[in-house]
Amino acid sequence: MNSTAMPLKTLASITTITMGQSPPGESYNTDTNGLPFFQGKAEFGDKYPQIIKWCTAPTRIAEEGDILMSVRAPVGPVNIAPCKCCIGRGLASIRPDKTKVDRGYLWHFFGYLQPQLSNKGEGSTFAAINRNDVEQIKIPLPPLPEQKRIAALLDKADAIRRKRAEARQLTDAFLQSVFINTVGPLAPNYNNWSSYRIEQLADPVPGAMRTGPFGSDLKHSEFVDEGIAVLGIDNAVQNRFTWAEKRFITEEKYADLMRYTVKPQDVIITIMGTTGRSAVVPNDIPLAISTKHLATITVNRDLVYPEFLSFCIHLHPDILKQIDVANKGAIMSGLNLGVIKGLRIKLPPINVQKAFVSKLRKVEHNREMIKASSEKSNTLFKCLVQYAFKGKL
1 MNSTAMPLKT LASITTITMG QSPPGESYNT DTNGLPFFQG KAEFGDKYPQ
51 IIKWCTAPTR IAEEGDILMS VRAPVGPVNI APCKCCIGRG LASIRPDKTK
101 VDRGYLWHFF GYLQPQLSNK GEGSTFAAIN RNDVEQIKIP LPPLPEQKRI
151 AALLDKADAI RRKRAEARQL TDAFLQSVFI NTVGPLAPNY NNWSSYRIEQ
201 LADPVPGAMR TGPFGSDLKH SEFVDEGIAV LGIDNAVQNR FTWAEKRFIT
251 EEKYADLMRY TVKPQDVIIT IMGTTGRSAV VPNDIPLAIS TKHLATITVN
301 RDLVYPEFLS FCIHLHPDIL KQIDVANKGA IMSGLNLGVI KGLRIKLPPI
351 NVQKAFVSKL RKVEHNREMI KASSEKSNTL FKCLVQYAFK GKL
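Sequence positions in the sequence shown follow the working numbering and run 1 to 393.
By construction, these hints were calculated from the structure, which means they are not laboratory data.
All the given hints hold, so there is nothing to weed out.
List time: in silico DSS-like cross-link candidates among lysine-lysine, alpha-carbon distance up to 30 Å:
| # | residue 1 | residue 2 |
| --- | --- | --- |
| 1 | 138 | 382 |
| 2 | 392 | 98 |
| 3 | 392 | 371 |
Here are the in silico distance ranges between beta carbons for each label pair:
| # | residue 1 | residue 2 | range |
| --- | --- | --- | --- |
| 4 | 152 | 26 | 45 to 53 Å |
| 5 | 225 | 26 | 53 to 61 Å |
| 6 | 265 | 375 | 23 to 31 Å |
Backbone N, C-alpha and C define an ideal beta-carbon position, used for all residues, glycine too.
Take the sequences, apply the hints, and build the full model.
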């Protein structure tokens with residue numbers, strides 16, 4: 001349909017809008033008394049909010065199927081009311097007039113509109129939009145049959161991208177199961193394997209276990225646009241190596257810090273911020289050092305596969321329990337090299353590790369293919385949404 005054939009209508013002219021209001025504080029409860037109570041974006045899920053509170057004295061009510069919009073920071077995200085519910089001042093409910101607008105069409109329109117709404121809410125101390133802002137939102141409105149056609153196409157594209165995302169999650173769950181059942185606590189002969197401290201699995205050379213430069217040795221102001229790479233938390237936080245923020249130092253600075261060099265197949269562990277995440281440094285890593293936020297282990301490959309050790313750090317129940325015990329009583333949770341060195345694990349025979357790593361690499365290869373497919377699906381969906389509300393679909 002040509003965009004010139006799509007008249008613009010205000011939201012107020014095609015929907016019933018209810019702005020939320022906070023009910024009396026004493027009416028809140030977690031005992032399922034009264035109506036489910038949604039305060040704002042904090043309860044939102046992928047499509048439906050999670051019920052965690054109820055209210056016995058609701059002041060503003062949304063009906064099942066109403067679209068719930070966040071009107072206070074962050075502005076714009078939407079969910080669908082799963083049932084009759086009370087809404088707080090962080091939300092507005094939007095009930096489409098079925099004779100004028102299709103609910104699915106309206107749902108996808110809000111996804112298209114969200115970036116603009118977020119911008120509208122910026123610039124104040126507490127970002128928010130009011131009733132007039134919501135009422136005056138303009139929506140391109142073709143005839144109902146055309147709305148339904150567009151919504152159906154977008155639903156199909158959305159379902160495809162969601163399935164791709166689910167497939168990625170399933171590969172992660174599968175890998176966890178493989179680890180636990182082949183080289184973890186549920187593996188055959190697990191109790192017969194010898195126990196090692198992690199420091200015993202490091203390469204028997206000086207500096208095989210190390211943390212990055214501390215304090216004044218490397219200041220943020222010394223980062224440059226290109227040069228020697230500097231690895232940080234973001235490179236391991238997903239429990240697999242990823243390039244995120246790019247940081248560099250000059251070759252001159254590297255000459256002072258080369259003892260912190262990270263090598264291919266090293267295991268890096270986050271020890272500040274989000275702690276206990278781990279990853280294996282890829283073979284194609286350029287010359288790089290680590291920050292103080294990481295511990296680095298160059299492993300003894302005659303004893304242990306880096307991938308196995310990395311999985312142990314972030315997934316093995318025995319390791320997680322030891323880390324938890326080490327953190328008890330600490331003012332701030334975190335890890336240090338001493339704690340990591342003393343962590344004990346049951347070490348499977350090298351051939352058992354090899355079989356696990358072989359399967360891991362195959363699954364990771366498939367996961368990367370799924371990731372690429374997922375990214376294409378997301379791009380396609382975004383393009384379709386843009387076309388749809390510009391009258392070009």
